[in-house]
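K.L.:
Work from the hints to combine the two standalone chains into their complex.
Read off the chains here:
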Amino acid sequence: MTVEDQTVEEDTVPDVHPEELPPQGSFKVLGRVAPGASREEAVGHVAEAARLVRRRDIEMVAAAGLGHIGGEYSVIDVLTTLYVHALDLEVGGLGDPERDRLVLSKGHAAAALYTTLAVTGHLPVDDLDTFMQPLSQLNGHPARTKIAAVEASTGPLGHGLPIAVGTALAAKIDGSSRRTFVITGDGELQEGSNWEALMTAGNHDLANLCLVVDRNRLQQGAQVADTNDLDPLDDKLRAFGMEVVELDGHDHGALIDAFAAVPAASGKPTAIIAHTHKGHPISFMTDEVAWHHKVPTQEQVAAALSELEAS
Amino acid sequence: MTTPTATSAPAAAAALHDCRDAFVEALIAAADADPRVVAVVNDSVGSSKLAPFAKKFGDRLVNVGIAEQDMVGVGAGLANGGKIPFVSAASCFLTARAMEQIKVDAAYSQHHMVLCGMSPGMAYGELGPTHHSIEDMAWMRVIPGLTVISPSDPAETAQAVRWAAQHDGPVFLRISRMGVPDVNPPDYEFVPGRAVTLREGTDVTVIAHGTAVTRALAGADQLAEQGISAAVLSMPTVKPLDVDAVVAAARSTKGLITVEEGLTSGLGGAVAEVVVQHQPVPMRMLGLPDVFAPTGSAGWLMDHFGISADGVVGAARELLGR
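The listed protein sequences correspond, in order, to chains A and B.
Residue numbering for the first sequence is 1 to 311, as defined by this note's numbering.
Residue numbering for the second sequence is 1 to 322, as defined by this note's numbering.
Bound conformation, chain B alone (with noise of 0.2 Å):
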């Protein structure tokens, strides 16, 4: 676990970013410091914000349009030609059409290939369960030998971009889009499998990934308001999980409380194998339950779920009885 020295909470009022600005700088950087970085999309170059690493290397994007099992082969295929590739596509449809070349090209062939989950859990919140990704995290971290990552804002995404093009192994990287104002500290450094305390806390412990931080640390500041000490664990490898980060917060809070946009069978499931086995505390898991969400702005539906200041509150006030 690293604990960075800055840990206030953003400004009600701060800057937010999409995180797709942040991937495509990287990926540019990246690409000029190793002639071996490509991308392979599925007519995604806009939805990806690709457009100015297509400028800048139109020789190394391969658009293989509408389809994904051929986008993903093709990303395998690059690896063992030598290069790395970065398979960026919308979430939804990268996991789930393509999960057996994600299963057998990619993690149990062992490539150094980046998969980029665009626009993941309910970014396309109004256009409904089709193109929602709320089951990517779930079905990512149970893929033996795949490292997944979500990173929470500008920064990490970027510092997860870098390692990740270094990495000789297979990486799913999940890149939202919702606005997200800086949530890590300036001298902030992302190591993969390390949890990062954003806040102190004494009574519980909140645990989130992407989109969600930031809204795990309102409700941190909404029950510190109210009296309750809670601590906010950022959690951006949720595979390998850090789990001496979740059994020490185990050990020093009453309880845990996991926040995630998309099902709870993502994080919440992961730190809940780790706590049953580990160290039993009571949890709550804050995210969609066993449903297909209705249609609705991700904001809107992010509130709707309970993945919210008002959502932590409310589980952590339940959980601590108080």
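In isolation and in its complexed conformation, chain A is listed as follows (with noise of 0.2 Å):
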């Protein structure tokens, strides 16, 4: 094998000229949901925010040229339903001891967190354009001591379900009714620290804590399951303790109905196996390994773009 034959192509960074790309559109700031709105308000709201972090995503990540759009697309619908919706967590009540917690865990999805919490309200938009450039708050893997919405660094795997067990167990000490969600990879569980992890949460019966794994099937270099399986990961998780929910992670209202199912019924710390797809919808991302951190071109944000108009 030569050089030339091991250059991998999602290592080049295309030529992106930002000023170039078309008009960012109507990327606003669209809150939370209201209370007491309806299921499908909810649903329509969690969509069209859904769609807003899209758009701003893949901007970012072409203007920086660097990012990881594949794993962002797919754990997207999850983070925008959680933070619009399900957590208890108002705009502005960030220092709030009783505020739901969620931990990001796997933290290269930096640019769709940064995004999510613009659309919210709880990072200003502006911010967004510093994605990674020098001295900028929104380094490309999130830090709590810079953004206050950030409740956990994260960037190396196996970090996230550690603390989030350790947040609920805050919460089970002090008797409250605060929960902990926590976002990992499917790739991620590799890591040993989780199923440590998983073990003190079954064991302490942290009905309070909900994992959502963002199982796209796709790791940095290959299939999972061609890298070292998980499956059965829902025979692996109700092992551990875990009630087991299994829906479509790009489906708002399944998301939205087992949120609001935390805490379970049966005491149990709550394990939602989100079946998602790296890349959602974008046609030529979807389940390509190499959009793991591959960087658009000009062509392929604008081709993006439409696509996510015409969803």
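Please keep in mind that the hints were generated in silico from the structure rather than gathered at the bench.
Quick reminder that beta carbons are idealized off the backbone N, C-alpha and C, glycines included.
Just to be clear, a hint being listed does not mean it is correct.
Unchecked claim - For each label pair, taking beta carbons as the anchor points, the in silico distance ranges come out as:
(1) A:THR227 - B:GLY145: 31 to 39 Å
(2) B:PRO144 - A:LEU66: 17 to 25 Å
(3) A:LEU66 - B:LEU320: 27 to 35 Å
(4) A:LEU135 - B:ALA96: 32 to 40 Å
(5) B:LYS55 - A:ASP174: 18 to 26 Å
(6) A:GLU90 - B:SER252: 57 to 65 Å
P.N.:
Now the structure itself:
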């Protein structure tokens, strides 16, 4: 094999000029779903938020010339449903000790997190322009010391779940009803620290804890199944004491219902296996492993934006 | 630098203390004073001597079992949830197994949490290098944003625990089990980041932390009998280092000797970094060179590697050419 043969396409950064991209269109602060909204209204609100987040996310990744667009697009529906609707978290209430917590363990989806925080009003929209720029607070992986709404600094995999177990334990010690949600990737579950934490969660009956696995079945280099397989993931999670729910991780209604069911009546911690697709819903990205951290060209950004517009 | 009023060396027959006793007593007092204080352990209630804490605060002790990464992550989560976790485990497992959690979840995240490395250095001498923690000070002191403290006696241990319970930031606290006498005077006050002059001297300065402070003092006693005046500087805070005290010692004496129970890359390296930049003077570093220790009791290993009065004397004479 020659050196040229080893060059991987996804490590090249296309020459993208943000100023020449299609106008950013309708990105705006949507805020959270109003109290008392119907389920249908909530689903519509979340769908619009997810669309805005996907638009802005791809623009940020293209402008930065770096990012993890595939795993961001797979998790955006989970993220927006939580921030826009499910979390008991008022905008401006980040210092409230009784707020629900969300730990994004797959920190490489940082652009999706930042954009979601902006769409709900937790982060100034203009800050998004600084993503991964020198001295920006918006690192390639989120830092709790830099952004108030970030509950945990993540990036190395297998950190978020133990931290979430700790926040859930703190709530239990306090006798508080606040809940902790944690989102991991599926490849991430190859890290042993997750299973240490799952044992702790199960043995402490942390019903106030909800793990969401972004089950897109792809990791950086290949399919999870071809790397170090997780299946049967549902049985494994059940064996560790979880109440397991499986759903379409792009179905906002299903996500709303599942998050509303936490804490589970069984008293067990909840584990939601959210079946998703990397790159969803962009036709040329979906389920393509290369889009883990491939950066879109100018033409690909334009094509993705028009697909999102039509969706 | 603080200079206590009394500087007498401990008598040879002074009672020896296991600093873990002072640790747990101070932790219980901190927990009494502040309901946010909790303990997190890895099946280490016994080895951390936390049984009295567990008895009094059973609902504030989280035992994750033998799972160090989970232990430190859970600690960070408890801090997020408003608790002040003291994460307590054998230093060899805490610092090596959970290094990335210490870096990211504690230090980078700037959580108020206290990582208590118990029985460090060669405390588990006979068990061999897997259970030695000779690397911990070198590892911990290079992590940005982490305060690193190694108390030398029970009083300093208790005060360090009290301070760490109130300090809003991550701390690594190295708690020894090897018997040590009281080396600090009765009116001693621990000040983070400050060295303590335990002995004035004009020829050479011996700088030590933790269990090595007793041995540094004994070495200074022997040197005095040989007509060599050795200052002894206790350095309970290895990070942030008391740079002013090191520079002053480098200026006021002809050379520096560091003494520590562990690799010389801990305190020795830290002092050398200051000296070469601000006031170059000859140095000798007593501790482990780039080797794993053989098996043997902690005391035997300390003597074997010259982390001892004799080691201090030899280093001083060599350094001074006398």
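K.L.:
None of the hints should be skipped; say for each whether it holds.
P.N.:
Each hint tested on the structure:
1. Hint check: THR227 (chain A) to GLY145 (chain B), Cβ distance near 34 Å, so the stated range 31 to 39 Å holds.
2. For PRO144 (chain B) paired with LEU66 (chain A), a C-beta distance near 23 Å keeps the hint of 17 to 25 Å intact.
3. Between LEU66 (chain A) and LEU320 (chain B) the CB atoms are about 57 Å apart, so this pair departs from the stated range of 27 to 35 Å.
4. Between LEU135 (chain A) and ALA96 (chain B) the C-beta distance comes to about 34 Å, which sits within the given range of 32 to 40 Å.
5. For the pair LYS55 (chain B) and ASP174 (chain A), the supplied restraint of 18 to 26 Å holds, since their beta-carbon distance comes to about 22 Å.
6. As the Cβ distance of GLU90 (chain A) to SER252 (chain B) is approximately 59 Å, the hint placing it in 57 to 65 Å holds.
Checked against the numbered hints above, the structure violates only hint 3.
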